Amino acid sequence: MVARGKEELDAAAAEIAREAPGAQVHALAFDVGDKEAIYRIAGAAAALVGPSSIVIHNASTLGPVPMPLLVDLPCEDLEAVLAVNLVGPFRLTKALLGPMLLARRGLFLYLSSDAAVSAYPNWGAYGVSKAAQDHLARSFAAELDPIRFLSVDPGEMDTKMHADALPEADPKTLGRPADVASSIVRIIERAETIANGARLSAADFAPTKVEEGAAA
Amino acid sequence: MNGALLPATEPRSAADVRILVLEASSEAMRVVPSSALPTLFRAGDVLVVNDAATLPASLSGRTERGESVELRLVAGAGERRWSVVLFGEGDHHTRTEDRPPPPELGEGDRIELGASLVATLVARRPESPRLVDVELTTGPATSAADVWAAIYRVGKPVQYAHVPRPLELWDVQNVYAGRPWALEMPSAGRVLTGAALRELGRRDVEVVSVTHAAGLSSTGDPALDALLPLPEQYEVLPETWEAIARARARGGRVVAIGTSAARALEGGARLGTRSGITDLRIGGSTRRAVVDAVLTGVHEVDTSHFALLSAFADRRLLLRAIEQASSQGLLGHEFGDACLVWGQPREKLATRRGEDASAEASTKVSSRGGSCLVPTETRGPRTTGATVHGL
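Chain order of the listed sequences is V and Z.
Oh and the first sequence: position 126 is 126 in the numbering used here, straight run, nothing missing.
Take any residue in the second sequence, count from 1 to its spot, add 1000: that is its number in the numbering used here.
Just so you know, these hints were derived from the structure itself, not from any lab.
A portion of the hints provided could be inaccurate.
Stated by the list, open to error - Which stretches of chain V does chain Z cover? Using the computed rule of at least three CB atoms under 8 Å from a CB of chain Z, they are: (1) 22-30; (2) 43-55; (3) 174-183.
Nothing here was measured: the structure is a model prediction, and the numbers come from that model.
Each residue gets a CB set at the ideal place from its N, CA and C atoms; glycine is no exception.
Okay, chain V solo, but in the shape it has when bound (with noise of 0.2 Å):
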C-alpha cells in the first residue's frame, strides 16, 4: 500500500495484518504525484513482494478546496491535480509494467469518476484529469492487450475527499468505501472476461447485482 501519510498508513496496514492473518502487508510513504517517487515505489515493492500482477491506482487530488472555476483556477493548480490523478498512474504503470510485459499477463485498476464523463462545474481539474486517466487506460489496453487496463468509477463515497468537495453531503446517501472495494475484488476476479480498456461502475459489481448477472 502507498499513501503520503506514514502514520495512517501504518496504522491501516496493521489492521489490515490484524484482521487477515498471514497476509503480507508492507505499506510504503510516497506521493504518487513526485516524479522522484516512482521508481522508489516501484523498487520497493519489488524488492519486498516480486513483481506486481495487479496493481490498483486509487490516489488522487482535488486540487485546491473549495473547488474553484476554471477560469478561477490557477494553471500551477491544474498542473498539479494532473501530476498526482494522471501523470503518476501513468509513470507507476509504466514502472510495475515490466514483468507484465514478459508474462504477458497482469492487470491496473485506475479509479475513475463520474465528472470523468460530465461535467459540472467546478469539476473541471478533477474532471479533466479522470477523463484523461480513462483514456489512458483505453490505450493502454489497445497497445498492450493482453494485459488488461480498466478504469472503475466507484460512485459517490464517504471519504474524507468526497466531504472537501461537498461538505454538505448527507454520509447516510453515499457508498462505503468497503462495499467498493468487495466490487473491486469481484472485478478482478472477472477481469480475463471484461473488454480491455473497459470503464466499469462499481455498483454494477456489487455482491447482489452479481448474482443477478448484471455485471456479464
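On the provided structure of chain V, position chain Z as indicated by the hints.
This is chain Z only, laid out in the frame that chain V set:
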C-alpha cells in the same frame, strides 16, 4: 591500438544505439541501427533477458567521527544484511581507482546515511579491507518496508566518472525490469524497447527472462577487481528452461541479452538449480552449454565482459571487431553501442577442444596477462539446461 573506444558520457535513447553484429564462424561483421534489432533473429529463436531492476546501490553518509564514506551494495547477505564496498571522500566524478580509501571502521561502527537509515558494520571480509558486511536499520522497530523505502530515498544508482551528470533511477531501468537485484544496470537491454518487443513477438521470436544480480564493474581495489565478477545470485524459472528446450527442438537459437543473462544461464545449467549463487566466470575455456549468441556492449580488451566474449569468438576476431567498432565511432560503456556476437556452434566448439579444453585454455589465459580472465569452470560432461533440469 586497442581500448581506444570512447565512452558514452550520458544516457542515450535506444534509437541512437548502433549494433555491431559479429558472426564467429564466418568472421562477418557489420554495423546496423538498433531499429534493425528484430530483423537480426529468425522465427523460433529465443531471447533471454535479465529482468533485474537496478538498485540505487550507492549510499553516502558519515561515520560517527564525521568522516565521509560511500557504501556500494555488493550482495544481499540475509535479512537487512548487505555486503558492501566502502569508498572514502568524493563521489562518482572521481575515477573509482583514484578515490581515497575509506576511513578505518571496526565492528559495531555506525554510518548515518540519511532518512534515518543507519549501516552498522557487522563483519569484515577477507577478500579486501574495503569489503565489509553491514546491517541496515531505520530505528528500533525497523520493518523491511522501512528499510527498503529508506534505501530508495537516499540511494543513487552506481555510476562512474565517464558519465558526469547524476543518474536518476529511471535512467538505469530496462522496460521489462522487475525485482531490484542488479547493482549496476544490465544495460544490454536498453535496445529492447516496447516497440522492439512487440516486433519480435510479431516475428515469432520468443522473449523470456532470468533474474540475475548483475554486480559492480569496478571497486577501486585492484585485488577485489581481479575477482570480478564476484559470485552472483540468479534465478531461472522452469518456464525459461522450457522455452529454451522448445526453441532447441524447432532449431531456434538461444540469445542472451547481456553478459549477466549469459552468466545466469550457463551458471544455472551447471548448478542445475532454479536459483542459487553462481561463481562461474565465463571465458575462452568455457564450453557453452546453453547460449548461442550474446548481445552486449562494446567492451574494451581485458575487461571481464570482453573475457566472456572469448567463449563465443576467438581473441583475434574480437580484437578486429573492436577496431571496427572504434573506426566506425561506436561508443563504449553502459550507455554506449551494442555488439551481437553469434558464437562458434556449441557442438563444434566442444568437439574441437575435447576433454583438454580447460588445460588448453588456462595456458592461453596466463599468456594474456589479463587480470580478469581466470576460468574456474570445472571439467565435466557437457550439460544443457534441458538435461540438467530433466526436461
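Here is what the structure says about each hint:
For the stretch 22-30 of chain V, the proposed coverage by chain Z is satisfied: 5 residues have a C-beta within less than 8 Å of a C-beta in that chain, meeting the threshold of three. For the stretch 43-55 of chain V, the proposed coverage by chain Z is satisfied: 7 residues have a C-beta within less than 8 Å of a C-beta in that chain, meeting the threshold of three. Coverage of the stretch 174-183 of chain V by chain Z is violated in this model, with 0 residues showing a Cβ closer than 8 Å to a Cβ of that chain against a need of three.
Violated hint: 3 only; the structure is consistent with all others.
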